[in-house]
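With the hints as extra help, turn the sequences into a complete structure.
Residues per chain are reported as follows:
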Amino acid sequence: MQNKHPEKLLDEKGLRVDGRRLDQLRPVRLEVGILDKANGSAYIEQGKNKILAAVYGPREAHPKHIALPDRAVIRCRYHMAPFSVDERKSPAPSRRELELSKVIRESLEPTVLTDLYPRTTIDLFVEILQSDGGSRCAGITAASLALADAGIPMRELVAACAVGKVQGQLALDLSDIEDKQGEADLPVAYMPNSNLVTLLQMDGILTLPEFEKGLNMAIEACKTLHTMQREALKNKYSQIREVAEEKEEPEVIA
Amino acid sequence: MQNKHPEKLLDEKGLRVDGRRLDQLRPVRLEVGILDKANGSAYIEQGKNKILAAVYGPREAHPKHIALPDRAVIRCRYHMAPFSVDERKSPAPSRRELELSKVIRESLEPTVLTDLYPRTTIDLFVEILQSDGGSRCAGITAASLALADAGIPMRELVAACAVGKVQGQLALDLSDIEDKQGEADLPVAYMPNSNLVTLLQMDGILTLPEFEKGLNMAIEACKTLHTMQREALKNKYSQIREVAEEKEEPEVIA
Amino acid sequence: MQNKHPEKLLDEKGLRVDGRRLDQLRPVRLEVGILDKANGSAYIEQGKNKILAAVYGPREAHPKHIALPDRAVIRCRYHMAPFSVDERKSPAPSRRELELSKVIRESLEPTVLTDLYPRTTIDLFVEILQSDGGSRCAGITAASLALADAGIPMRELVAACAVGKVQGQLALDLSDIEDKQGEADLPVAYMPNSNLVTLLQMDGILTLPEFEKGLNMAIEACKTLHTMQREALKNKYSQIREVAEEKEEPEVIA
Amino acid sequence: MSATPQLPPVAKLEQKTVVDLIAKGNRIDERGHDSYRPITIQTGVIEKANGSAQIFLGKTRVLVGIKVETGEPFADTPEEGVLTVNAELVPLAHPSFEPGPPDENAIELARVIDRGIRESKAIDLKALCLQKGKKVQVVYVDVYVLDHDGNLIDAGSMAALAALANAKIGKYEIKGDEVIVKPDRRPLPINNYPVSVTFGKVDRNIIVDPSLEEEQVMNARLTVTIEKSGSICAMQKGGLSGFTTEELRKIVHIAVERAAENRAKILAAAKI
Amino acid sequence: MSATPQLPPVAKLEQKTVVDLIAKGNRIDERGHDSYRPITIQTGVIEKANGSAQIFLGKTRVLVGIKVETGEPFADTPEEGVLTVNAELVPLAHPSFEPGPPDENAIELARVIDRGIRESKAIDLKALCLQKGKKVQVVYVDVYVLDHDGNLIDAGSMAALAALANAKIGKYEIKGDEVIVKPDRRPLPINNYPVSVTFGKVDRNIIVDPSLEEEQVMNARLTVTIEKSGSICAMQKGGLSGFTTEELRKIVHIAVERAAENRAKILAAAKI
Amino acid sequence: MSATPQLPPVAKLEQKTVVDLIAKGNRIDERGHDSYRPITIQTGVIEKANGSAQIFLGKTRVLVGIKVETGEPFADTPEEGVLTVNAELVPLAHPSFEPGPPDENAIELARVIDRGIRESKAIDLKALCLQKGKKVQVVYVDVYVLDHDGNLIDAGSMAALAALANAKIGKYEIKGDEVIVKPDRRPLPINNYPVSVTFGKVDRNIIVDPSLEEEQVMNARLTVTIEKSGSICAMQKGGLSGFTTEELRKIVHIAVERAAENRAKILAAAKI
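Heads up: the protein sequence lines correspond to chains A, B, C, D, E and F, in order.
Take the first sequence: its letter number 68 is residue 68 in my numbering, and every next letter is one higher.
Take the second sequence: its letter number 168 is residue 168 in my numbering, and every next letter is one higher.
Take the third sequence: its letter number 96 is residue 96 in my numbering, and every next letter is one higher.
Take the fourth sequence: its letter number 243 is residue 243 in my numbering, and every next letter is one higher.
Take the fifth sequence: its letter number 52 is residue 52 in my numbering, and every next letter is one higher.
Take the sixth sequence: its letter number 165 is residue 165 in my numbering, and every next letter is one higher.
Check before you lean on any hint, since a few could be wrong.
[Claimed, not checked] Okay, derived cross-link-like pairs now, PhoX-like style, lysine-lysine, Cα gap no bigger than 20 Å in a straight line:
(1) D/Lys134 <-> F/Lys135
(2) F/Lys134 <-> E/Lys134
(3) A/Lys213 <-> E/Lys182
(4) F/Lys135 <-> F/Lys175
(5) E/Lys168 <-> E/Lys182
(6) D/Lys59 <-> A/Lys236
(7) D/Lys250 <-> B/Lys213
[To be verified] Derived coverage of chain F by chain C (criterion: at least 3 residues anywhere in the stretch with Cβ under 8 Å from a Cβ of chain C; other residues may be distant):
(8) 192-203
(9) 208-215
(10) 235-248
Honestly, the hints are just simulated from the structure, not real lab data.
By construction, the Cβ of each residue, glycine as well, lies at the ideal position given by its N, Cα and C atoms.
Given below as structure tokens:
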């Protein structure tokens, strides 16, 4: 968190640079099943984030020695297109991308019934076509939909959203400019039915009360996003929606 | 094709910097079977190009998973020695070398009876010891001889030559200086008996009539080189020559 | 060997910068079995050198194709910590580290009864935590102890020490400053019972008589270090000492 | 090392259908031999890029982003900007694409697209020089394959051209040793519109714009890139067989026709 | 690609013992759920480094060396020194560690340690600027894992903090374009003391400072880094499950307590 | 990691013949223990290089090209040119050589050749300084192994020396900040002629210049490099066994003799 450009991120009415309230999500657009070759895919726009997620698998592990005898191996790559950020990014994976690939995988694995597909891999690709702050969270939201679209049995969908701090105030779903000038960033992924936080990172400074409040804000946003996810799936597969509504806990998709 | 040094590449008589006519090849020297360890090898000098080609195989595929069940895998590396060009070249393969390795392989594969050696690899190494324009073509001419020298059954030899454009005129077998200042480069590999063009690339600008004329010039040169190739093999293996002359179409060597 | 700073490395009494005589080792401290996870380990301080050596194995070769049917494969890595030298060193292996990994392996392999463990690997890691001249030799002395600590059957321990030339005089066990300003460096590893020199390298200029004298000085130092090695093992495993003393030639440990 | 590719195990029967249809003058998707699949081009889809375009060529989908940054010229062209084309076979586009540095197919794709742009002098590189021998503008063309259903060269080069035509760059001033970027934006200076047309040879038949199913049965591939005045500015043969001279003469004439049609679509999409 | 890790085949019975003991409020090494293993910290162990510290956290052993060199600032922070944290899982520390560039575990370790130092502004980076936009001091923090018996994040971040507190840097003067290094040495300017506390979740129990045996049976991991005034300055969740909100509320309070205790040990070891 | 090499499966009987002949004072190619295979050296074979030489040592064939370019000196030797030796085990030279970055054998080969040249001060590096601390000439010695029939170190170092003696460099003038290259050419300044002599130990016998068949049965290898006045300037032991002190004393004396003979051949080839 750098704080070099103390521009005004909140106006006198407490509204943000893009006119949002502190607890307001950016506009979100979700699409499911938009790629031809992938077994499952989804697209998310959240603010100016434009992100594709695709799933291949379960498929035979290659090379074989990476297979596990009792469950599927999940592999995940978070990757930014060279043109997705202000200054062109080399396509070679950065340390940041390698770390995010790991935490995104660990945010999604708790949802997948991996023991149904021993000796296979499920490969998950999250491509950031345009990045605008909060891309790891939006990527998780899309990736969970791509897993569902691939027909992979899941406990429930996971949604993710960050809370940040701007001018001393907690604010939901920071945009790029808020993120760069903000004082904290708290990305959270959440499974509402299981009440499990599966991604949790933090940058910046938060007091304990701020953390608790911020966590609650993030979780509420995840619940909203979770509804949107189910809506997006419903638009794609109306029959799957009905099955999902019958059994609520756990919510098994596919 | 850059055109920054508009030096005179043709004199008043239409002769080129090195005194050649527009349709004249540079001096060519071919030697077959000059390396001790390789299964087959050949050496070509064409102008100041000095190129070694060597073949290892058919040999057991390693690692095994690259093998194909119904044919040999051909692997090819075009590589320039660090001292082969004006400015020292790093020995790590450049993107250009990677592309040329592919098109050279694809120019030679049509000649090899790969289905006779399933589950093996045939490895082909083209080392440019000195480069003087047209090294990919000279490399193909040598590599085809190295395959024959290795006793690998082939439909026929393939020869290659480029045609370029200097001062608006089509010219055969450009040297380095002509290539750098020329207006187009059209490398061609050709199997005369099968009438198949197996390498075709183009840089620069050619009208359709220029292309057709240039293609014909290149093919005539390939036929000349093809004769030289057979001569070089004859010098090495007189008995193989006789077999080759009996069956003309296809010309199976070894 | 550079000779740019002709500072005085010897005083009027023939004593060196750190007060040593020409034939005197730096203070040496040896410890055996100091790591928890490694199968064998040792630590050496020699001057300001601080070096850890660890052994894993014999263990199943991975990947399998590196295994040998009639003996264990020994693998060795000499590696310097980024903070071990004056200017921070990148953790990626340098060409020097790759060469030293090879010669250290070749100095230790003659001591190991590798034919007892076919199809396995014995992995040897030498980590230079602080470097002060002569780290390859001190690393060998420690690595040999780590092999013994791992219970790997050996012909005998190998010790190593370098001789250098400062101001025209042969000097034992050069420190960093002597090494950088010295005129020659002759690192030697020696198996006293077998009378075998298993590491021998040379930088600088030595006449034949200087080489013979220097070799003798190094070998005498190796004998002294060999006694210290056995002492260090004795402190760790008193019972093993007794077995080793019974059979002198070859000295089989473990 | 370049190695004979391992083709996916496509059912023999399926392969035979593809080949037989072509032999009868038809194709699996009912096109004629000389026809392209439907082409849709969207420009300006990535606001953070200087220019961008997404193409759908049938089910093949390629996104190209253009970034223009300040850098150094090459020593042998001190008064010219720099063009860099990079292609990524993004793993979400096909089960056979794996993460990692570009393989020979990605490199060939990038270099063939590069060749068309460079040899036709599509970008006025001299107009991108800021300070002779020291500072120039570098144009990065990143070709991002998102769904692979065949003929990536044509899809990539058409999207690249549309993205270049869509690109806006800053205005620069040099003050002493520093480059001042001004907020005004002007179009990237484009002089030519090279369009590649790719052919496949299936047995002895030549088809245009092969789909992935067709690529898996074809013997050889040829790309011909045509610049605006109808001359050839780049060619690239691929695949395990070759072309006869008669086939080549026929191909280049078809290429000129198809290139003109596709160029019109690209210019329309880029509103030029 | 990040892949589900392959855990070593630990005997089922042994695993059960570890889990059962924790379920009973006990642990395999007889600690309480909220207790750390014994901590020993030595500073100044590498004389050639600007600062260094070695920690023994139970049988886990980590050495950190600090090197301070002259370099260039980042373009967006022209008046600040540079902090670089690198972690090596040295192969002598565990049979599963292999030579090669840092894998995702090493990168995560380095980045979590980095985040604690950076976000708490532990190092006064502005005091490390020598010449605005041109020359600054670069602080390299190399985390060297020598024996891995679990909880590398806490061991590494405590050793890093002790090494930073131990570090001495040269005095510099700028004359024209040259940097003159003076022989005087001053402490590296440290403003804050972030301490990470790592939790494991075994079934529904939360334990502090998991050992390697415990790591192999735990479902999820959470690191909370607390700066000197008791606020959180970094968090990182790992592992194949998650935490409930109740668990998280409990965890952050324990983290504040444990961090204060461990900070005192570090400061004592660094004689601050 | 350096690993015990996998030797090719040579027929036991063939191996026994090689060993037995040596035991009887003979060798498979009928040489004496102390004799080299025939040596042929050609210089100036690569016109585009500043210097070049090709050696045939029996069936071993190595080509060395020298390139001299302008670059920066090392910080600790601001008044000296730079020497860089690189060796490539080109895959066409032996079935076991694979494409890729230099392996430990290639690195050892390059470093031993480098050591002989550097330690004997064969190149007058001070004469290659153009502008103290800023611009110097960089001498690249690229050792290219074309056919591997054993003893690459001696073949490579003899070819390197012949190529250096063959090299011509430009005349340079410094005007302000620019380097002006003049068309005149002068020889690279050479002060010493280091020649390496490599020994193999087969059972208890010491042989000179081992061929590939002999390398596959020998226990250990020793290279001794002798400079023009007869002193040792580099040594390198290799292989899985060692040498007794008596063997070493004998070896260095033979090395001095053979080096003098081979030096004469190199100088004759380079016309010096």
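Do the hints match the structure? See the list:
1. D/Lys134 <-> F/Lys135: holds (19 Å)
2. F/Lys134 <-> E/Lys134: Holds, at about 19 Å.
3. A/Lys213 <-> E/Lys182: Violated, because 50 Å separates the two Cα atoms, which is more than 20 Å.
4. F/Lys135 <-> F/Lys175: Satisfied, since the Cα-Cα distance of roughly 12 Å is no more than 20 Å.
5. E/Lys168 <-> E/Lys182: Distance ~13 Å between E/Lys168 and E/Lys182 Cα, so the pair holds.
6. D/Lys59 <-> A/Lys236: holds (19 Å)
7. D/Lys250 <-> B/Lys213: holds (14 Å)
8. 192-203: Contact hint for the region 192-203 of chain F vs chain C: violated, 0 residues under 8 Å.
9. 208-215: Not satisfied, violated; 0 residues make the cut.
10. 235-248: Contact hint for the region 235-248 of chain F vs chain C: holds, 12 residues under 8 Å.
In terms of the numbered hints stated before, the structure departs from hints 3, 8 and 9, listed from lowest to highest.
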